Every structure is written in C-alpha cells, then in structure tokens.
Amino acid sequence: MVVNYNSHSYCCMKDYFRRKIMPGRQFRIDEYRIEEEPYYLPTGDELAIAEAAYEDGAPLLLKGPTGCGKTRFMQYLAWRLARPLITVSCHDDLSTSDLVGRYLIRSGEAVWTDGPLTMAVRAGAICYLDEIVEARKDTTVVIHPLADDRRQLPIEKRGELLTAPPEFMLTVSYNPGYQSVLKDLKASTRQRFIALSFDYPNQEKEIEIVCREGGVEMDLARPLVKLAVMTRALKDSGLPEGASTRLLIQTGKLVSRGIPIKTACRAAISEALTDDHELLGALDEMVSSLF
Amino acid sequence: MDLEILKEKFYELVAPSLPNEWDVEEALSPLASEKEARVDDVFSQVPAIWPVSHSLCFAYLSAAGPALIHLAPEELSLWVHTLLDRYEKGGLRSAQLFMADVERHFVRHLRGQGGLQFGEVSGRLQPYVNGLAGRELVLVSSEYAFTNTECIFLPREIGLFSKNEENFLLYKLIVSFQWATIKAGMFTTPPFLSAVESDLPPLEIFFSQFADPGTARSLYHFFETSRVLIFLQDELPGLMRKASFLLPHLPLSGDSAATTTLLDRLQQGLLRDTWSVEKKSRVDDRAIALLRRCQRKEADNQTSLNAVSELMPLLADDEDCSKTEPLIFQGLLRLQDVRNAQLKQRKEREIQFIQALTAHLKNFSQQPDAEKVDKSGEKSAAAGHQGQDVAVIVETDKVTEQKVQPLTSVRIDNQEIPLSEELIELARQIKDDIGTLPDNYISSAAGQAGEGYSATNPAVPADDQGATGPIVYDEWDYRRKGYRKNWCVITEKEIPQVQSSFIEQTLIKYRGQIRRLRHQFELMQTNEHFVRRQRDGNDIDLDAMVESLADIQAGRPPSDRLFIRLAREQRDIAVYFLVDMSNSTEGWVGKAIKESLVLICEAMEVLNDRYGIYGFSGMRRLRCELFPVKRLDEPYSLAVRQRIGAIGPKEYTRMAPAIRHMTSMFAKVEAKIRLLIILSDGKPEDYDDYKGEYAIEDTRHALLEAKAKGIHPFCITIDRQAHDYMAHMYGEVNYIFIDKVSRLPARMPEIYRTLTS
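Taken in order, these protein sequences are the chains called A and B. Here the numbering used here is used: position 89 in the first sequence is 89, and no number is missing along the way. Adding 1000 to a residue's 1-based position in the second sequence gives its number in the numbering used here.
Since the hints were derived computationally from the structure, they do not count as laboratory data. Do not take every clue at face value.
[Unchecked claim] Computed Cβ-Cβ distance ranges for the label pairs, DEER-style: (1) B:G1119 with A:D284: 15 to 21 Å; (2) B:G1119 with A:D236: 29 to 35 Å; (3) A:K137 with B:A1639: 30 to 36 Å; (4) B:K1347 with A:S256: 35 to 41 Å; (5) A:K137 with B:Q1520: 53 to 59 Å; (6) A:E271 with B:K1163: 24 to 30 Å; (7) B:Q1520 with A:E271: 57 to 63 Å; (8) B:G1090 with A:D236: 43 to 49 Å; (9) A:R190 with B:E1504: 46 to 52 Å; (10) B:E1325 with A:D284: 53 to 59 Å; (11) B:D1318 with A:I259: 39 to 45 Å; (12) A:D284 with B:P1016: 50 to 56 Å; (13) B:Q1520 with A:V141: 44 to 50 Å.
What you are looking at is a predicted structure, and each value in this text was computed from that prediction instead of being measured. Glycine residues also receive a C-beta, built at the ideal position from the N, C-alpha and C atoms.
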C-alpha cells in the first residue's frame, strides 16, 4: 500500500497528525510494502538503469509529462526490489520539518516524530519525492547530503546524523513541461541524480496498457489512444499537455462501468484537459469523429 | 427632401472636413427622394463611418437608400457595424459587395437563415485539424475546397442545408477529407514517376500522356476520393457514420445535366448507391469494378493510377469527365500548388538545416576539447582557426547509404561530428523527402561555420534595448460600439539621457522625506515572520505549551494550538508607471511628476518589487510614442536617472494606445499582482478628433481591457478640480485626484504603499 503524505490541504495534514498523535496508531514501515505486483509495461531500459542505480546507491530523477507512468514505475521498482515505498507529494508549503520530522506534543510531553524522509532512511526504504519542483527551494536542499556519496541525513533539531543503509534509495520526479522559470530544478540539485526520461509509451504499448488497466477491448483502446495522440499534437494550439495514459485508463474504466463512450471521453478527457470553449469544441469534434 | 438641405446637414455632420461638393452631391442624390425620418436614420450613422473612410461613407450613402427597403430602422446600426467590420477586414471592395446584397449578406443571417461562415467554424476546426494532422495545418477561407499539404482551403460559406449543424458537419467533413488526402497519400509520387525530371508535378506528367488529361485527372481524383473515403471510415468511423446521412443529399452536377458523363454516374453511385441499371454499359461495368478495386484496404494511389490507365482507352471520344463538377468535399485537385508547397518546404528545411548545422559546428569547434584535437590532428585546428582558406572535405556517414538507421553524425575534414537531436530530426525529414542528405547542405554549413569563426569579433547579441518596430492596436469607437481595427500605431522611442543637476537637487530637497520613505518601505518588505499558536508548524510554541500544561493542571481543557509556524509572504508584484508627457504638463506639473518619480524609485529600491517606467505622448493615431525610462528588470542606474531628468513635455495625450501597449507588455510578465499606475493631468486629447466623449470612452475601454487581463490600473490625476468624467473613465475607486501639484511627490510613494499592502 502506498500512503501519500499529500498535504495539499491542511485537512490532510491534520489527518496525518491525528493519526500520528493517536496512541497506538503509528505508521509502521511494513504498511509501505507493496505486496502485489503492480502492472508495469517497460518501454525501454529504464528498469535496468534504475536497478543499477539502486545497487550503486545513486539517487534517481524521473522526468516526464503527467500521467505517463512515473509513479507506477516507482511502485513496480519497489516491488521488484522488495523495499517499502514512501511517497511524498511535494507542494509549495512543504517545509524541511515536514520531510525530516518534528517534535510533537503528546500527553504533556514533547515527542520527536520522524518525517517520511527520516523514516525511509532508518528503515532502508525507497523515498519518492513526487513533483519535487513544487517544493520550496530551501526544502529541496535538505536532500543534498543524502543524494551524493555521503548518503547522510542530518537531523538538526535532535543533533543526530543518520547514515543511510545500502537499501535506502532516494528518487524524485518532476515534469519539465511546465516551462516556468520558477519551476525549474536548481543545477546543484539536478546534478546529483541519475536521470530517467519518461514519455508516453508508443501506440501499441499504450493500447496494451489501456486494455489491461482500463479493462476495455482492443477495439475501444485503439481509438482512445488515437484520440490521445491527437490531443498531444495540440501543443501549439493552446493545449499545454495532451491526454495522458492515466486519463485514457480512467476513460476506459468509466466505459467498462457502463458510461457511453462519448460521455466518458467528455468527462474524463475533454473537460479534464481544458476550459477553453473552442478547444473543448475541437476535442468534441475529435471524439465524435473517432467513435 | 431637398438636396440642398441634405448637403447642409451632411456638411454639419462631417465638419470640420470639407469634402468635394460634387462627391457629396453624387452620394446624396439617391437619398433626396427619401422621407425625412429615414434620411435622419441614415445620417445618424455618418459620424461612425466618416472618420474610418470617406469613400466608404460616400458608398454607404449611395447604398443606404435601397438597403433600407430590407432593413428595419433599428437594424440599421447593426448593419453599419457589420459593414465597418467588413471594410476593415477586406477593404472597400468587400464592403461594397456586402452592401450590394443586403438580403443575402445580412438579413438572412439576422433571421438565422444564412449559411455557416468560415469565420464561425475555423476557431473550432483549426485545433481539430491540428490534432488530426499532428502539426499545424492552417485553415484558409477561399472560393473552393482544396489543399496544398500545408494549408487547407475551405469555402467561405456553406449554406447547402437549412440546419447549421448539417452545414457544420459538411465543413468538418471537408476538413477531415482534405487532411485524409494528404495522410492517405493522394499526392505521393509513384515510384515509376519519381525518376522523371520535369517542372511539372509528377502526377501531371502522368495525366499528360492521355489525349484528354482533364478527364484523366478527374477520374484519378474520383478513384482516389473513393479510396480516401474508405480510409476515413477506418480512421474516423464516428464522422463517417454521421456523414452517411449527409452524403446522399449533396448536390451533383449530374442531377441537372441532360446527359450524364461516366463520372456523373460514378458520383451518383458512390454517394447514393443508385447504380443506374438501365443505362449500364460495358464501360460503366468496368469502371465500377475498378472503383471496387480502389476501395480495397491494400489499395494505394498506384491502384487509382492503374485504374485510370485501364479506363481511359475504353472511353468514348466525346466523353469529357472534366465537365463534371467535383464533389463539394472533394474540392479541387491542385497538384501545382502541392508541388510549390513541397518545394518551398524543401527550401525551408535546407536553410534550417544549414543554419542549425552551422551553429552546431561553431559550438563544436569552440569546445576546448583536447581529445578532439588529438584525434583530428592539425587539419581540424586549421579548419577551426583559419577559416576561408581551408578545404572542407565532406563525406556523409556510411550509415546514410543503408537508409535504415537515422543519420547521427557527419564527417567534415575526416572528423566525426555527432549531430544534435534537432539536426537528426531535420536530417530525417530531408531524407524522407528527397531520399538522401545532399552533400552541399553540409559543405555550405561547414563553410559558413568556418567564416563565422575566423571573424575576430563574436556575433553581437541582438540589441533589444533599441527602439522597437511599430505595433498596432485597435481603438474603441463608442458610436459604433465596436473597435476600429489596427487603428493606432505605437512606436517605442529611446529617450535621450541628459546630464543635469535635477536628480541631485531633488535628492537634497526631499532628503528627510526619502529617509522616512525608505524606512516605511523597508517595513513592507518583511516576507518572513513567525505565526504563533498554530495547530501545526515547524516548532513548538513554548508559551502556548506552558499555558496548556497549566490548563491541564487546573483541569481546564487545554488548547491544541501549540506550534509556531514560519509564514512567508512573497511580494510577487510587478508595476509599470505610465507617465503623461503631453504638452500640458509643461512647467510645475512636469517637474512634480519627475520629482515624484525620483522619490518612488528611491523608495522602491529597498523593495524587491519589479517596476518599470514609461512615458507616453504623440500626435495622431499613427504616431503614438512610448518612451521607456526604465524597463521592468533594468536596474535603477545612472542611465535611468538621466532619462528621468530628460522627461519633458512633448505633444498630445492619446492615453489608450499606451495603456493597451502596457497591457500587452504585462502579458509577458509573471507576477501575482500586476499594477499599472498612470500619472496624468486632465483629459485624454489628441490633435485629430480624438477628444471629448470619444477619447474618454476609448480610455475607459482600454482600462477595462487591462482589468480583464488581470491588471490593476490606478490613475493619479493632477488637475485643478475634480471632474465628473474621472469616475466614469477610471472607475470609482481606481483613481486619486490631486489638486496641489506640490503635494504629488510626497503623495505618490504613499499611494503606492497603500495600493500594495
């Protein structure tokens, strides 16, 4: 099971603390283990590179558009390596304490609680920082000593210096497509990683994935993938990102639950991609042409 | 009405211009027989048209009388509005055509009976076809439908069906079909023609071998069409399912003709499935069999060519299939256009490749790479450093010959130079097109790279600080409730730097104030502060914790707000100051404005807000000038101070184009808050008839446009007394009025502070 420390909103954050604070309710590292084999269709030599990086203790950087399978790849890798996977979704208010840990008050006492990164280092797990560019620049710096040959995590508040066991692996991901000056990775951060570039799988593989994950027939998966390819060509026409494999799978799932295909495309693809009236119209025309 | 009275009225309307009397007389004479109320209606539109174009106005007056037969009086202003749009898009001729047929061009649309216009569908279909093609395939309106593989030309209007949904479907079918002709390879050169050297398009050579090339071409086009329709059925089944209701209702030229040609009968058969039984001849049977062959899955355009070759000898001599109109979605087959587009593309790719390779080679030779010198020896060093007098030995990689792997490197001077990804892609496209990468592409790039390198001075980066070219903006005309298209021309002009003691004097004069301002502005700068008593945070709030422990001891419910959090506020602000440099600011006003600019700059320096200062003035719509005093990310340098010193009264106050220009400049700025502060005195005014209500409404509109783009405009206006129009023009809360000029320098930073905190 993968638990996201997704604290985009404070209610998630609160939830996290409540669970932490509640007596007897500590996350155990075993909860992060992936029991069943996740479905992943390799598209190149990414697996070999990732495993070699793991053996060498090198951190990994995954880049690629949204929904092309970065997270799924991590799950698959963790399952292959039989390591727990701790995922942190980064956001612009993520502080160092959110990663490393902090003192919490419990029944009148201040108790240290490990953050996800510290927990991963202690347990020799894989720590996956999703969308690392979203995190504040000063926060990303804490991973620097972990990401080079020192493999250390200083916990200043406790005066502790953790050295990562060989099983620990740090991976980060980001989407270079946003092309904003503000959302770029610092060179000093970037140059510590072995980088794997992800893209949408080629048509045949994508059809296979949509069939398998979305639970639809080939006859439906094929035009769905065709539609996705069309939307990805609209980069210069005002659609920054085309339909991802994930959206196709979601559409497939809607269809296999009995939603008519055009409605499913509208809900899961067109409306998800844009608010622009004319682009929506064009997407609708594509859907009505294909199905 | 009497012509004399009409003339008098007209001159009153267009004053102060004095058009030729005979022109006026000629234009007004058709109106002389109209009733007075009608003439008044017609004349009421003159102020909107006259400033746009005098000849259009005369044409309007001549046409208005007959037009009123079709129009209700309240429809007249809408008609004029559309007329002006037509004029600005297509010129006088287009406007005259529009006026000539009121019924067809206007009234029917008003009643919702008109056909569908290209303009109404292009917004939706353009991204659609881009998606289909995976590249930009521009839609252009034209007389007929056709494509040259770079653009798809579509009819201006489709009014074939009574329902616009069906008209739209036809538009969509045309677009999809034209795309499919490219995709399915209607224009590909078959192998047996590729070796022929000729100026004609290869397919045209094929047709010319028949006695009647026109018929051959039409037949080829038809066979290909049937093949493309099958391709579409496979590719876009949804579209073809819908279109299947439409196709039988398309008009065919065979419907009205007395005698039908073979092609007519084939068209009828293909679209309506009515293979006429009684007239079936041997030729028809054969043609149908060939048609079936072209519709097979494995068919390509070679199949259609074969079909034409087989059918042509069987045709009767008087059988002229080129008389038959092509199907409406099929459009025209314009092979020469296709060829021209291909040649143009080839040329563009060549230039692109040479440029990219030149740049690549330059980079490559500039890398201080010891290994490279070792490998290539002195020869490469010579190529790099002596330039022109070196022999470039060009040899494309051996891989090229195999045509399987993409070309990844080129050899120049026995040196293997790996290509960048961009170049590999370009080389692939070129090879797809002509089969091989011509040697001269590489040699000319190598030559250019050598020259560029040997030149002692490195390429000077483009100077973007200089005056930019003219940019045009629309202007709002309140009388026609619409924009005058491309009306004003904005030019950015450099302001000369002047050495003067002005800045020093100001700094001394306001030194106390500046010190205070800096302090005040420093306070605004705080972007990090601790927030106490939070439910979660970075650290424990000890005070809160002690309190809560005490509460527990006392048996009261403790608070759970025990943490301290470091909150950051990012002042992500970008500001442009737009300064009125019109003649009226001469004297005290101008000086106060300049002083306040110095003060605000001094204060802004302690903040991290980005700010720019621009002055504006000009005369008439074609010479609106903008003077950059400080660009957005330019430091507050000596040059900027000297430019502030050089600000002086120039000409008139046409404020709206300057506002529109700032709005478009803001579009490139990424900031949370975008503020446009305008410093001006009095009303907007220009030398021509840009004054009064017109100017106020235009300025108001420019400000509304800015607001719509997420910019906060704020105006500081210096005047002796407040006017009613100010609230209307700037918006109730978006301006401040200052009557004592001397107070401006002190007030301005204060205003900025309240605006941004």
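| task | Compare the structure with the hints numbered earlier in the document and write down the numbers of the violated ones, lowest to highest. | result | 2, 4, 5, 7, 8, 10, 11, 13
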